[in-house]
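2 protein chains.
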Amino acid sequence: MNGILNGMRVVEGSAFVAVPLAGLLLAQMGAEVIRFDRIEGGLDAGRWPLAPSGQSLFWAGLNKGKRSVAVDMRSPEGRELITRIVTAPGPDAGLFITNLRVRGWMDHETLSQYRKDLIMVTLSGDRHGRPAVDYTVNPGLGIPDITGPEGYDAPVANALPAWDLIAGNVVVSALLAAERHRLRSGIGQAVDLTLKDVAAAMVGHLGMIGDAVLNPVAREKSGNALYGAYGQDFVCACGNRVMVIGLTRRQWDGLVKVTGTGDAMDAIAAASGLDLAEEGNRWKLRDVISAILAPWFAARELTDFASEFDRKGITWSVFRTMKQAVVEDPDLSDANPMFSVLDQPGLGRFPVPGSPVEFGSHRRQRPEAAPALGADTEEILADVARLDDREIAGLFDRGVVDGPRRQARPAA
Amino acid sequence: MNGILNGMRVVEGSAFVAVPLAGLLLAQMGAEVIRFDRIEGGLDAGRWPLAPSGQSLFWAGLNKGKRSVAVDMRSPEGRELITRIVTAPGPDAGLFITNLRVRGWMDHETLSQYRKDLIMVTLSGDRHGRPAVDYTVNPGLGIPDITGPEGYDAPVANALPAWDLIAGNVVVSALLAAERHRLRSGIGQAVDLTLKDVAAAMVGHLGMIGDAVLNPVAREKSGNALYGAYGQDFVCACGNRVMVIGLTRRQWDGLVKVTGTGDAMDAIAAASGLDLAEEGNRWKLRDVISAILAPWFAARELTDFASEFDRKGITWSVFRTMKQAVVEDPDLSDANPMFSVLDQPGLGRFPVPGSPVEFGSHRRQRPEAAPALGADTEEILADVARLDDREIAGLFDRGVVDGPRRQARPAA
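Read top to bottom, the protein sequences are chains G and Y.
Position one of the first sequence corresponds to residue 66 (the numbering used here), numbered consecutively onward.
Position one of the second sequence corresponds to residue 66 (the numbering used here), numbered consecutively onward.
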């Protein structure tokens, strides 16, 4: 693989979404990412969604293109091995990302005794050491309270683990920032963040904390309306549902023009005394605006206006199920250079995404399938932990490590 | 400011959420981030939420700690100025992030004529050049279809612009990866990504594309249940709603133990023939499990069990509104070192987040307020564009640039 992070080696000890995602994003930019797991598989080895075979699509999705080493971490020998792998020499190694809550031998303080310039990025739940997952962070911040149909009286959780995905990306940038600093100063460090702080920072950045503190009226559920300006979903004559956006002035003018609703919009602006050129006024008048637009969509099939909307640069989308999306949207197929259709043993054949980032300096890397658990144990023990064949064979024999191919390596 | 990215200079030309967020995250790690805007303010200068004064909390939230230069980009002089600022010399400069769709003078091809090793990261809507925003990307991928109460027959959009937040973070790591490469090779480049590809990659990484392609039965709405294992919300006797998690074996065992529901769980396991130690079985039996747990919560007030849940390491949370969260949760106040309470002119006083990442090598930086539009125009023209006082005065006089303080700089 020839990626922009070529030469960098990152060790990952992780479960759930965020840190595995961080390792994946690094791997798909060309880093060598070594993931270690317990011999019986990590906490997320069997997580849903599953393939028809029963194997985890989730695990395979988040561990693409990594190297896998399976180690019994309860044994002192296993712990020593992990320590060797994490702290192995090399100017672009000594990088460790984790969310495992292991005290003692896996602390930065302990590990950095073996490699002084180790960079260890640790994601935990909250700053008090309490566990937290996406599904608990989100309700505590009030997002489910403002999600869902207008007037619905219960909170609605995200189906997407958004905070996990964001935190995983923060782990990547934190690691790259710390490595940049090490390159200049020679100094390694512990880098710490929590899922809850990531989420709290983001809602603060969006102005939601200021809003809650300063404004007497709390934000309420507003269904599928785009908050603060104009954007709404409509059902067409064919039963399809579309989302249309009038966030910027240009988007709004385009939408009014293409639907021929200018006179009606002028009338409600005059009646209300609110200038619809201001996005906040479109938010205030969204119900009236939608009442004007709804008949336009109800009278038309999707095919009546889809091409024209695209041609005129309208910002819009059709609502799909994921099953429809994989059939109907070529951007989710290998017509999109980000995707490759891979045959993955035990899973099946489907489009698999590589990095969403296209670096001019490097050809796009095709995604690689996830390894079998322990697929690279032998090689990593030899190449990274620098053990000889006898030592490696002994570790396999004593059950300290495992892998799919347990035969001894041929003598060099 | 003394952050881990000290010395790095990034120029940002942006609107909406993702790229402004990227600039903010870089600034909060210590980079000097120069944001340029039109003299009348950018597309998002007045975006909701607003402070009681009518000023944008959104804009202030996403532009904290940046330097602001206000330029008339319709004028050739203004364009030349932006070009000078973007391509100014310095080993840790020549970094440009943008989502503005400006062809010609703001292309990487054109700009890199002035600085060959320029790194320019461009986020656009989709790979076909069509516009896209969070609210259109999400429906197209089927997330609203699986969000919301079980049985509810319409899609439910995210209240959180999750894809924007994720894409902003991807911009940061793409920039750092490209800068790392430039440091080794001397080579700059164009780096391109789209909001839609970021989203499509993430749903693929989570296994959702494989699920949609391979499995005959589509994932459906499942209310507030944690997908694939166990997690559910319950209403307590006091009216509070809590989320409790039984995702891992340890979380599940803890939940069963603390609620004393072991016998009942054993009974449903025996009746169904499904081992509840397997997380997928907890998902399949979630309704029966919830029926067993619901009376436990209905009979108790939050204060009856909150401390015990924390003491026993249960993964759980109370549902709050954002207004409750800012009052009740000390993690959203300056009791959390990530937050500082700032007085911001025109906005008010409220807790403002800094970086969620704690680097061992650097003291946590306090967040800085957003600049007034054009607050740094004069300084940037002098220090970055290297213009002399006469040239700067001329630009102000001709209306090519603007700032809150239009007085001439004292002669040096």
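It is worth saying that the hints were derived from the structure and are not from the lab.
None of the values given here were measured: they were computed from a predicted structure.
C-beta: ideal position from N, C-alpha, C; glycine also.
Some hints here could point you the wrong way.
To be verified - Derived CB-CB ranges, DEER-like:
#1 Y:Gly194 - G:Gly338: 53 to 59 Å
#2 G:Asp453 - Y:Ala332: 50 to 56 Å
#3 G:Ala302 - Y:Gly338: 46 to 52 Å
#4 G:Asp331 - Y:Val392: 41 to 47 Å
#5 Y:Asp462 - G:Gly338: 35 to 41 Å
#6 G:Gly155 - Y:Pro156: 22 to 28 Å
#7 Y:Val406 - G:Asp453: 39 to 45 Å
#8 Y:Pro410 - G:Asp331: 34 to 40 Å
Checklist line | Satisfaction of the hinted span 41 to 47 Å by the C-beta atoms belonging to G:Asp331 and Y:Val392 | finding: 43 Å, holds
Check: Could one say that the CB atoms of G:Ala302 and Y:Gly338 fall in the range 46 to 52 Å?
Finding: 48 Å, holds
Check: CB of G:Asp453 to CB of Y:Ala332, is that within 50 to 56 Å?
Finding: 55 Å, holds
Notebook entry, point to check: Does the Cβ-Cβ separation between Y:Asp462 and G:Gly338 fall within 35 to 41 Å?
Noted result: The hinted range 35 to 41 Å holds for Y:Asp462 and G:Gly338, with Cβ atoms some 38 Å apart.
Margin query: Taking 34 to 40 Å as the stated bounds, is the beta-carbon spacing between Y:Pro410 and G:Asp331 within them?
Written below: About 37 Å separates the Cβ atoms of Y:Pro410 and G:Asp331, which means 34 to 40 Å holds.
Next item on the list: With respect to the beta-carbon atoms only, verify the hint that Y:Val406 and G:Asp453 lie 39 to 45 Å apart.
Entry: 59 Å, violated
Next item on the list: Evaluate the given range 53 to 59 Å for the C-beta pair formed by Y:Gly194 and G:Gly338.
Entry: Given a distance of about 39 Å, which is not inside 53 to 59 Å, the answer is violated.
Checklist line | Consistency of beta-carbon spacing, Y:Pro156 to G:Gly155, with hint 22 to 28 Å | finding: Given a distance of about 25 Å, which is inside 22 to 28 Å, the answer is holds.
Of the numbered hints stated above, those contradicted by the structure are hints 1 and 7, listed in ascending order.
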